[in-house]
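Now for the letters of each chain:
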Amino acid sequence: MSATTMTARSAPRARLEITLAVAGRVLLQLRRDHRTMAMLLVLPCLLMTLLWWMFDDSSSMVFDSIGPALLALFPFIIMFLVTSVTTLRERSSGTLERLLAMPMGKLDFLGGYALAFGLVAAVQSVLAVALSVGLLGMDVRGPVWLLTLVAVADAVLGSALGLFVSAFAQTEFQAVQFMPALVIPQILLCGLFIPREDLPPFLEAVSSLLPLSYAVDAMQTLTQTADTSDVWVDVLIVACFAVGGLALGAATLRRRTA
Amino acid sequence: MMNNAVEVDDLFVVRGHREVLRHLSFTIPSGVVTGLLGPSGCGKSTLMRSLVGVQQLTSGSVKVFGEEAGSAPLRDRVGYVTQAASVYDDLTVAENLAFFARVLGVSRENVDRCIEDVDLRSHADQVVGNLSGGQRSRASLAVALLGEPDLLVLDEPTVGLDPVLRRDLWALFHRIAQGGAGVFVSSHVMDEAERCERLMLMREGEIIAHDSPEAIMDRTGTGNVEEAFLKIVETAA
Chain A
1 MSATTMTARS APRARLEITL AVAGRVLLQL RRDHRTMAML LVLPCLLMTL LWWMFDDSSS
61 MVFDSIGPAL LALFPFIIMF LVTSVTTLRE RSSGTLERLL AMPMGKLDFL GGYALAFGLV
121 AAVQSVLAVA LSVGLLGMDV RGPVWLLTLV AVADAVLGSA LGLFVSAFAQ TEFQAVQFMP
181 ALVIPQILLC GLFIPREDLP PFLEAVSSLL PLSYAVDAMQ TLTQTADTSD VWVDVLIVAC
241 FAVGGLALGA ATLRRRTA
Chain B
1 MMNNAVEVDD LFVVRGHREV LRHLSFTIPS GVVTGLLGPS GCGKSTLMRS LVGVQQLTSG
61 SVKVFGEEAG SAPLRDRVGY VTQAASVYDD LTVAENLAFF ARVLGVSREN VDRCIEDVDL
121 RSHADQVVGN LSGGQRSRAS LAVALLGEPD LLVLDEPTVG LDPVLRRDLW ALFHRIAQGG
181 AGVFVSSHVM DEAERCERLM LMREGEIIAH DSPEAIMDRT GTGNVEEAFL KIVETAA
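Read top to bottom, the protein sequences are chains A and B. Oh and the first sequence: position 156 is 156 in the working numbering, straight run, nothing missing. Oh and the second sequence: position 136 is 136 in the working numbering, straight run, nothing missing.
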């Protein structure tokens, strides 16, 4: 029996099957956790509504300029947190060690996670974008579906980084604290508070190295113009960061440990 | 059939600044149950981790069925159960097994058979997090049985189980060994020694005896394995 299963194992179809198995299992776990599921889907909508309400009396310009940036931020932050905690759990419960001792490639594992969280992020973004554009009157010049695509790319980026940092945390407590360390500087420098070109030159250079800057840039371009060529460049850069993050994450998945 | 499942040559493992395994050389045959007995902290788990290839070795070699431990061709031939139950707490027993079966590429019938083997039929649809410690470790054992492995490495699988169940599990280990697989089981409870065909006694990173339980007791002139263990340690001192 070993001989036949082994040949099947290395085939691409079997690898895809493993990726789908991981994704399905992650989604099943999420479905079990009603509270997390509700928070994932409802929270971004509530926060967008809060933002809209804050500027209800003043000009709607503020909501139109900050809102899209927040649509890029939510999936990034939330997926960063969710992934770093779930993979840390997977590391500490021994299930990761068990999976790595099975015929499972690291990329199958990471791909499964990226797929599952990418799907959740897509649903989350569709809800938040539909609410913002449909009910709260956010003004978007570019195609609305592209707004969702940027949000999904952000979510995968957040997942990739969360996966990477989970290797450096021993407890869930530590994992959560990587959020302010890695995410808040990006929020400060991404052009949300002050246009990036108005930053001191050194910080402007730093912000050009941070993925969130491109995500926010893409969102802002989408609201301002119908021309999408710049947006695609930004999406591509975010995607590259996400792939880089997944590669770094793969490097931290070790079969042999001390 | 006494083919060697495992061949260990001069295995040396240092963790931190402690020599956990001190130049071990031994073989484990297929077709029998080999017990690894020793007190907590003597290096049993590190030895088992080395056999499945998740432990960084300082020097020496571990070969399983002629291949380097942990290498790709072995990954669907070796079943491994750690002391901590490596299953997902938020899934049911059946869901856990179905997931690992998909990863291993084995059929659904295997899932039902393994749940039956570890006597969890009546708990199959319960979330693992709500089960007792013994039930959780049996769920973890069931996962290791899924791929019908040629070598089964079990780190203290019977801790905290009720005697009837413990007897049933040992019977299962022997059935698996009779099917031709190598079964390597650790325990810190000496009275489990007599259930094994072969025995390795371990203390402070060294193997102090490796033979059948009867031969070990004969040689030391003792009536049970615990006394034999003491005798060997005292003569060496």
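Certain hints may be false.
Said to hold, decoys possible - Take a look, some chain A residues computed to stay more than 12 Å from chain B by CB distance:
#1 L20
#2 L28
#3 L30
#4 T95
#5 L96
#6 M104
#7 D108
#8 F109
#9 A122
#10 V123
#11 L146
#12 L203
#13 S229
#14 G244
#15 A250
#16 T257
What the hints assert, rightly or not - Facing chain A, according to a computed beta carbon distance under 8 Å, are these residues of chain B, among others:
#17 G53
#18 L91
#19 A94
#20 A237
Source of the hints: derived by calculation from the structure; they are not laboratory data. If you're wondering where the values come from, they're calculated on a predicted model, not measured in any experiment. Just so you know, even glycine gets a beta-carbon here, dropped at the ideal spot from N, CA and C.
Hint check:
no.	hint	in the structure
1	L20	violated (8 Å)
2	L28	violated (7 Å)
3	L30	violated (9 Å)
4	T95	violated (5 Å)
5	L96	violated (9 Å)
6	M104	violated (5 Å)
7	D108	violated (8 Å)
8	F109	violated (9 Å)
9	A122	holds (23 Å)
10	V123	holds (20 Å)
11	L146	holds (35 Å)
12	L203	holds (42 Å)
13	S229	holds (42 Å)
14	G244	holds (26 Å)
15	A250	holds (16 Å)
16	T257	violated (7 Å)
17	G53	holds (7 Å)
18	L91	holds (6 Å)
19	A94	violated (12 Å)
20	A237	violated (31 Å)
The structure fails to meet hints 1, 2, 3, 4, 5, 6, 7, 8, 16, 19, 20 from the earlier list, while all remaining hints are met.
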